[in-house]
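**Q** Heads up: the sequence shown at position 20 corresponds to 346 in this note's numbering, and the numbers run straight through without jumps.
Where hints are given, some of them may not hold.
Below are the DSSO-like pairs computed for lysine-lysine, each with C-alpha atoms no more than 30 Å apart in a straight line [unchecked claim]: (1) Lys384 to Lys471; (2) Lys328 to Lys409; (3) Lys384 to Lys419; (4) Lys384 to Lys356; (5) Lys446 to Lys464; (6) Lys471 to Lys419; (7) Lys446 to Lys431; (8) Lys464 to Lys386; (9) Lys355 to Lys386; (10) Lys356 to Lys431; (11) Lys446 to Lys386; (12) Lys464 to Lys384; (13) Lys386 to Lys328; (14) Lys379 to Lys367; (15) Lys356 to Lys422; (16) Lys356 to Lys386.
Please keep in mind that the hints were generated in silico from the structure rather than gathered at the bench.
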Amino acid sequence: MKNQLIVALSYTKQRTVFGMVGIEIDPYKKLAYVRLAKQWKREQMNQIPDDVKQIFDKVKWHMTFADQLIGQHLIRSVENALKFEVQTITTQKNLKDPEDIELIKVMDMTEMTQLTLSLKQNHSIQFPPIDEKKVRTKDMQDLVKQMEMFTEHVTEQGTVSYYAPGEELDGLTKALMICCFVGRMSLQHGDSPVVIINGATQPQTADQSFDDVIEKILGTETYGGLTAASLNNPRTRNRLFQPRKIF
327 MKNQLIVALS
337 YTKQRTVFGM
347 VGIEIDPYKK
357 LAYVRLAKQW
367 KREQMNQIPD
377 DVKQIFDKVK
387 WHMTFADQLI
397 GQHLIRSVEN
407 ALKFEVQTIT
417 TQKNLKDPED
427 IELIKVMDMT
437 EMTQLTLSLK
447 QNHSIQFPPI
457 DEKKVRTKDM
467 QDLVKQMEMF
477 TEHVTEQGTV
487 SYYAPGEELD
497 GLTKALMICC
507 FVGRMSLQHG
517 DSPVVIINGA
527 TQPQTADQSF
537 DDVIEKILGT
547 ETYGGLTAAS
557 LNNPRTRNRL
567 FQPRKIF
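Between the sequences and the hints, there should be enough to build the whole structure, so can you do that?
**A** Pasting the structure below:
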């Protein structure tokens with residue numbers, strides 16, 4: 327059973343920034359390694375398809391998903407660039423249809439937030455250690471910050487919602503949650519994740535891992551004094567993710 331590479335595209339609630347996250351799932355260890363985080367401002371939207379294609383040419387991941395709310399025009403443009411269909415997924419509250427969930431057509435945001443929290447608390451989601459020559463990008467550090475800011479909101483009527491407060495961004499967090507949703511069977515049970523598109527699976531072979539090439543594509547800056555290795559330290563995690571915050 328080979329590791330699976332999953333990529334998802336999402337957006338912030340203000341639709342001012344689009345985000346893409348890629349994870350590598352090890353079904354034997356039941357771990358998800360966050361390998362890729364990239365963001366585009368709304369005015370950069372036209373360059374997203376070409377950027378995605380450039381990364382895919384280097385790392386041919388196995389599964390590509392997009393939150394349908396990023397817009398059909400962008401989804402079709404990415405499909406045209408990649409030359410294959412991107413699986414769209416609806417992300418809202420109270421989506422319970424078991425068939426649509428099984429076919430990865432819908433994702434209940436409340437349940438997936440809780441599942442992602444459980445995976446993080448169990449250290450099933452990791453920023454893997456890197457050697458001194460490899461560093462994390464600003465967007466990767468932004469993902470860590472977004473997870474810290476992603477909080478629970480309860481109305482007077484008792485309705486629970488999860489999102490980043492105010493003008494804080496949350497597109498990368500949502501993209502990560504989609505990746506975890508797709509790979510949840512591997513992360514929970516060690517099963518190989520399968521994506522179904524038009525009734526058939528879509529296998530692809532990854533020529534290289536994300537770690538092999540992603541720094542060459544996305545840059546080599548570090549931010550906030552954090553590294554992937556430090557994020558694996560429980561003390562660092564406890565400092566980053568305070569009580570009452572979801573991640």
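**Q** Determine for every hint whether it applies to the structure shown.
**A** Comparing the hints with the structure gives:
With a C-alpha separation of about 27 Å, the suggested pair lysine 384 and lysine 471 falls inside the 30 Å cut-off, and the hint holds. Distance hint between lysine 328 and lysine 409 is fulfilled; the C-alpha atoms sit about 24 Å from each other, no more than 30 Å. With a CA separation close to 35 Å, the supplied pair lysine 384 and lysine 419 exceeds the 30 Å bound. Restraint check for lysine 384 and lysine 356: the C-alpha separation of about 25 Å stays at or below 30 Å, so the hint holds.
Restraint check for lysine 446 and lysine 464: the C-alpha separation of about 21 Å stays at or below 30 Å, so the hint holds. Using a Cα cut-off of 30 Å, the hinted pair lysine 471 and lysine 419 holds, with the two alpha carbons roughly 24 Å apart. As the CA atoms of lysine 446 and lysine 431 are separated by approximately 24 Å, the hinted pair is consistent with the 30 Å bound. Restraint check: the Cα-Cα separation between lysine 464 and lysine 386 comes to about 23 Å, which is no more than 30 Å; the hinted pair holds.
This hinted pair checks out: lysine 355 and lysine 386 have alpha carbons roughly 22 Å apart, not beyond 30 Å. Taking the CA atoms of lysine 356 and lysine 431, the gap is near 23 Å; set against the 30 Å cutoff, the hint holds. A C-alpha spacing of about 26 Å is found between lysine 446 and lysine 386, which places the hinted pair at or below 30 Å, so the restraint holds. About 20 Å separates the Cα atoms of lysine 464 and lysine 384, which keeps this hinted pair within 30 Å; it holds.
A hinted pair counts as satisfied when its Cα atoms are at most 30 Å apart, and lysine 386 with lysine 328 qualifies at roughly 14 Å. For the hint pairing lysine 379 with lysine 367, the CA-to-CA distance comes to about 18 Å; that is within 30 Å, so the pair holds. Taking the CA atoms of lysine 356 and lysine 422, the gap is about 25 Å. The hint holds against a cut of 30 Å. Between lysine 356 and lysine 386 the CA atoms are separated by roughly 22 Å; this keeps the pair inside 30 Å, and the hint holds.
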